[in-house]
Amino acid sequence: MSSSSCRFYEAEFPEPDEVVMVKIASINDLGAYVLLEEYNNIQGMISVADLSRRRIRSVQKLVRVGKNEAVVTLRVDKEKGYIDLSKRQASPEEVRKCQEKFERSKTVHSIVVNVAKNLGLEAEDLYKRFGWPLYKKYGHAYDAFKLAITDYDEVLGEYNLEPELKKELMTFITRRLAPKNSKLRADFEMTCYSFQGVEAIRKALKAAEAVSTKETDLQVRLIAPPEYVITTTSVNKDRDIKLMEEALAAADRVIREEGGMIKVTMRPKAVTEHEEKELLAAMEYAERSVAQIAGDDDDSDQDGELD
Numbered sequence: 016m017s018s019s020s021c022r023f024y025e026a027e028f029p030e031p032d033e034v035v036m037v038k039i040a041s042i043n044d045l046g047a048y049v050l051l052e053e054y055n056n057i058q059g060m061i062s063v064a065d066l067s068r069r070r071i072r073s074v075q076k077l078v079r080v081g082k083n084e085a086v087v088t089l090r091v092d093k094e095k096g097y098i099d100l101s102k103r104q105a106s107p108e109e110v111r112k113c114q115e116k117f118e119r120s121k122t123v124h125s126i127v128v129n130v131a132k133n134l135g136l137e138a139e140d141l142y143k144r145f146g147w148p149l150y151k152k153y154g155h156a157y158d159a160f161k162l163a164i165t166d167y168d169e170v171l172g173e174y175n176l177e178p179e180l181k182k183e184l185m186t187f188i189t190r191r192l193a194p195k196n197s198k199l200r201a202d203f204e205m206t207c208y209s210f211q212g213v214e215a216i217r218k219a220l221k222a223a224e225a226v227s228t229k230e231t232d233l234q235v236r237l238i239a240p241p242e243y244v245i246t247t248t249s250v251n252k253d254r255d256i257k258l259m260e261e262a263l264a265a266a267d268r269v270i271r272e273e274g275g276m277i278k279v280t281m282r283p284k285a286v287t288e289h290e291e292k293e294l295l296a297a298m299e300y301a302e303r304s305v306a307q308i309a310g311d312d313d314d315s316d317q318d319g320e321l322d
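Quick note on the working numbering: the sequence shown kicks off at 16 and runs consecutively.
Calculated directly from the structure, the hints in this document are not laboratory data.
One or more hints might be untrue.
Stated by the list, open to error - Think about it this way: if two alpha-carbon atoms lie no more than 25 Å apart in a straight line, the pair counts; the simulated SDA-like pairs of lysine to any residue are:
1. 93 with 64
2. 116 with 140
3. 93 with 161
4. 93 with 107
5. 121 with 41
6. 195 with 167
7. 284 with 209
8. 195 with 284
9. 278 with 208
10. 93 with 77
11. 252 with 209
12. 121 with 79
13. 143 with 267
14. 181 with 137
15. 161 with 202
16. 151 with 108
17. 93 with 181
18. 284 with 273
19. 143 with 108
20. 132 with 224
21. 218 with 118
22. 278 with 209
23. 112 with 167
Claimed, not checked - Computed spacing ranges between beta-carbons, pair by pair:
24. 248 with 182: 20 to 30 Å
25. 241 with 179: 54 to 64 Å
26. 280 with 30: 20 to 30 Å
27. 195 with 240: 47 to 57 Å
28. 148 with 114: 39 to 49 Å
C-beta: ideal position from N, C-alpha, C; glycine also.
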């Protein structure tokens, strides 16, 4: 058995009514012959009657060789290895969930297979040792692997993996599943024309930054009066976008109490590298403009002294 020749799950066959992902291997007048990748590419069949709820004129127009399809398991003969499947009985919601599960399972399989290949082991042995037990304990090994990035001992400690195996496994898990950093940003304008306007704005900006947490540091910077920006680098985009909204609300409360106002010009969102460069360029331009004005004022003062 090659290191990659292995099913995804502990069960050798799907259960009746289980929705599985298949790859169309061949087509004829009787229907479509398929391979169940999740179950080590065992063969199944979708009859013409189970391909569609509509009247079928051409099987080729419904399915294509090489394409993946989410289908419902109808009958399984484990002794003979026959599996009858239905495409027409799979609801859109079942198809969506099947696709999501398949992609997660395929990621887990890729990690296990690559670790086995690099260490000269069999993938099935690794599945038996920790992969399939993690499916049972966590519902899906994908979720367990993600947790292992921050808490290895809690997730994998009980399996007593050898140092070399632990290192190789965590290398692949981190490479595939570690959260990707997102640059988040929100733009706003703030003004306050009261006697203590400058101090009021400073107070409001500090209130926004004070919303920062141990996990997320919010930075509030001046672009050019009256424009300001809140930025952060995040590994949890949805959570930290909400945090930035809270920061804007905190600044709004403070500045309104002081008689000023805030206008959000860009709600919190993830920004591209290009947008980040544009922001830095705008801030640098504003700094140069301020420096130029200050220089002009100095020149004017000197001219006055010469007179």
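For each hint, the structure was consulted:
no., hint, verdict
1, 93 with 64, "holds (23 Å)"
2, 116 with 140, "holds (22 Å)"
3, 93 with 161, "violated (34 Å)"
4, 93 with 107, "violated (28 Å)"
5, 121 with 41, "holds (22 Å)"
6, 195 with 167, "holds (19 Å)"
7, 284 with 209, "violated (32 Å)"
8, 195 with 284, "holds (15 Å)"
9, 278 with 208, "holds (15 Å)"
10, 93 with 77, "violated (28 Å)"
11, 252 with 209, "violated (37 Å)"
12, 121 with 79, "holds (21 Å)"
13, 143 with 267, "violated (56 Å)"
14, 181 with 137, "holds (16 Å)"
15, 161 with 202, "violated (33 Å)"
16, 151 with 108, "holds (24 Å)"
17, 93 with 181, "violated (36 Å)"
18, 284 with 273, "violated (28 Å)"
19, 143 with 108, "violated (31 Å)"
20, 132 with 224, "violated (49 Å)"
21, 218 with 118, "violated (48 Å)"
22, 278 with 209, "holds (17 Å)"
23, 112 with 167, "violated (28 Å)"
24, 248 with 182: 20 to 30 Å, "holds (27 Å)"
25, 241 with 179: 54 to 64 Å, "holds (59 Å)"
26, 280 with 30: 20 to 30 Å, "violated (54 Å)"
27, 195 with 240: 47 to 57 Å, "violated (34 Å)"
28, 148 with 114: 39 to 49 Å, "violated (25 Å)"
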